[in-house]
Structures are given as C-alpha cells and as structure tokens.
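Colleague: Sequence:
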Amino acid sequence: MKTKVMGILNVTPDSFSDGGLYLDAKKALERAQEMIKEGVDIIDIGGESTRPGSEPVSEDEELKRVLPVVKLIREKLGQDILISIDTYKSKVAEECLKAGANMINSLGGFTFDAGLADVIVKYHCPVILYHIKGQPKTMQASEVEYGNVVSEIKEFFNAQIEIGAKKGMHTHDFILDPGIGFGKNVEHNLEIIRKFEEFQTFSMPLAVGVSRKSHLGAILKEELGLKEAPVPQERVEAGLAEVGMVVLKGASIIRTHDVLATKKFLAVLDRLNYL
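Residues in the sequence shown are numbered from 1 upward in steps of one, following the working numbering.
Hints are supplied without guarantee of correctness; some may be wrong.
[What the hints assert, rightly or not] No more than 20 Å apart at the CA atoms, straight line, and that leaves these computed lysine to aspartate or glutamate pairs for EDC-like:
#, residue 1, residue 2
1, K133, E152
2, K26, E75
3, K4, E34
4, K26, E38
5, K154, E191
6, K76, D24
7, K98, D80
In case anyone wonders, no lab produced these hints; they're calculated from the structure.
Could you put together the complete structure from these sequences and hints?
Modeller: If you want it as structure tokens, here you go:
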C-alpha cells in the first residue's frame with residue numbers, strides 16, 4: 001500500500017508556520033486546489049493553533065473559521081477529496097462531518113472532550129488519536145519528563161482505544177499518531193522515530209506529522225553549527241529524513257505542509273520499499 005499524504009490547511013491567525021495565510025475561505029480553497037494538483041490524499045483543516053504556548057479558542061470561533069472552508073471545498077471541488085478536521089471538540093467535529101468532512105484528527109484523542117467518541121460512533125468515521133502530554137499552552141513551558149516515552153504513548157493509545165470501544169467504535173475506526181512535538185523535547189521526538197516500529201503492535205494505521213517542527217530547527221542548528229535555527233520553511237529536507245525512517249518502520253499517513261516535496265520523496269521510497 002502506498003503511503004498517504006495528508007496536507008495541512010490551517011485556517012488560523014497564529015499557527016507556527018502558516019498562521020494567517022488562509023483565514024479567508026477563498027484563499028483556503030485556492031490552497032486546497034493547489035494541494036490536489038500536487039497529489040494530496042487527505043486535506044486536514046484546522047481552526048485552532050496547537051503550537052506550544054497557544055491559547056484555546058471557543059467552539060463557535062473554531063467553527064466560524066473551519067465550517068465555511070469545508071462547505072466551499074465540497075461545493076467547488078466535489079466529493080472525491082478526503083477532508084479531515086483537526087479538532088478535539090465534539091461540536092466542531094459534528095458540524096463539519098454534517099457538512100461533508102470524512103474524518104477527525106483529534107489532539108489528545110477523547111481526553112479533552114469525552115463527547116467526541118459519541119460523534120465518531122454516530123457518523124461512523126475514522127479518528128486519528130494523537131498523543132500530547134499536557135495542553136498546548138503549557139506543554140513545552142518546562143522540562144518535559146517521561147519514564148519511557150514510547151511506553152507512555154502506547155499506554156495512552158490503549159486507554160483511548162478502550163474509551164472508543166466502550167462507545168461502540170471498531171478497530172478499523174482508529175488511526176494512531178504519537179504526536180511528535182506535543183509535550184516532548186528533541187530527544188523524546190528522536191526516540192519515538194527510532195522506535196516507531198513498536199507502534200505496529202496495535203495493527204492499526206499509523207500517522208505522523210513532523211513537518212517544519214521546531215526540533216528539526218534545533219537539530220540543524222546544532223549539527224550544522226548555525227547561529228540560529230532555520231525558520232520553519234527551511235526545515236523541509238530535514239523533515240523528509242524523519243519521514244523516510246517512519247515510513248520504513250510502518251507509518252502509512254504523513255501529515256505535512258509540503259505536499260509536493262513529500263509526494264516526490266515517497267514516490268521513490270515506496271518504489272524502493274515495494275509498498
């Protein structure tokens with residue numbers, strides 16, 4: 001099976017890499033069209049920044065940002081493209097699924113809104129459970145500690161799967177994402193990538209998002225002896241190194257800002273790996 005590419009479409013004023021670029025629904029539609037031309041498999045629309053230190057927004061504000069984009073994509077681009085909604089809020093998820101979204105990408109799984117599981121069951125849609133330690137506002141505010149980062153993430157997955165199963169969800173409803181950069185330092189992120197094959201024990205699809213993240217900048221600064229870490233847009237190649245490793249270790253969905261570069265990279269990697 002070829003690796004799927006999930007293109008990031010942030011309709012927020014404050015996301016770390018592309019905040020403010022696609023707040024206007026027409027601009028967001030243009031970016032969606034561009035990603036489709038680049039070969040994207042899933043478009044992941046987010047209306048709340050979850051970068052370190054970010055403030056949460058209300059359900060109504062998030063819907064105000066996201067819902068018009070979902071409706072416009074469905075109106076102008078049809079039903080073929082898969083739409084994911086990056087939200088942990090049950091109200092946002094339900095309204096977007098009603099409007100034509102196909103799946104939910106949930107920070108913390110069901111941790112922050114237990115009602116999300118009921119929405120997933122009601123609409124029979126897949127859900128990505130992605131791990132976070134703490135909350136976006138404070139997750140990197142102090143030194144993050146784990147006994148064993150991979151083991152703790154696996155415990156999180158087991159707990160979230162159990163919650164979903166009790167609500168009536170099935171094994172095929174879950175996609176798992178270890179949440180690179182969410183309450184983790186550089187070494188935690190690298191440990192997750194090095195041991196990524198351990199998540200295959202769940203026998204569920206595995207998603208990963210490393211695109212343009214700060215740990216890449218930190219690594220490049222250290223390894224290349226730079227005075228400053230490269231800005232997010234200059235971390236693309238570094239991210240692809242990690243993409244290559246996680247795909248070879250079982251990842252089947254890659255979440256990225258850089259669809260075309262990722263598609264080209266995966267075209268060759270998948271061919272070499274006979275996927």
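Colleague: Is K26 close enough to E38, meaning Cα to Cα at most 20 Å?
Modeller: holds (19 Å)
Colleague: With a cut-off of 20 Å on the C-alpha distance, tell me whether K98 and D80 pass.
Modeller: Distance ~16 Å between K98 and D80 Cα, so the pair holds.
Colleague: Within 20 Å, alpha carbon to alpha carbon, are K26 and E75?
Modeller: holds (12 Å)
Colleague: Given the proposed pairing of K4 with E34, does the C-alpha separation stay at or below 20 Å?
Modeller: Roughly 17 Å separates the two Cα atoms, so the pair holds.
Colleague: Please work out if K76 and D24 have their alpha carbons no farther apart than 20 Å.
Modeller: holds (15 Å)
Colleague: Given the hinted pair K154 and E191, is their Cα-Cα distance within 20 Å?
Modeller: holds (14 Å)
Colleague: Quick one, are K133 and E152 close enough, alpha carbons at most 20 Å?
Modeller: holds (10 Å)
Of the numbered hints given earlier, the model fails none.
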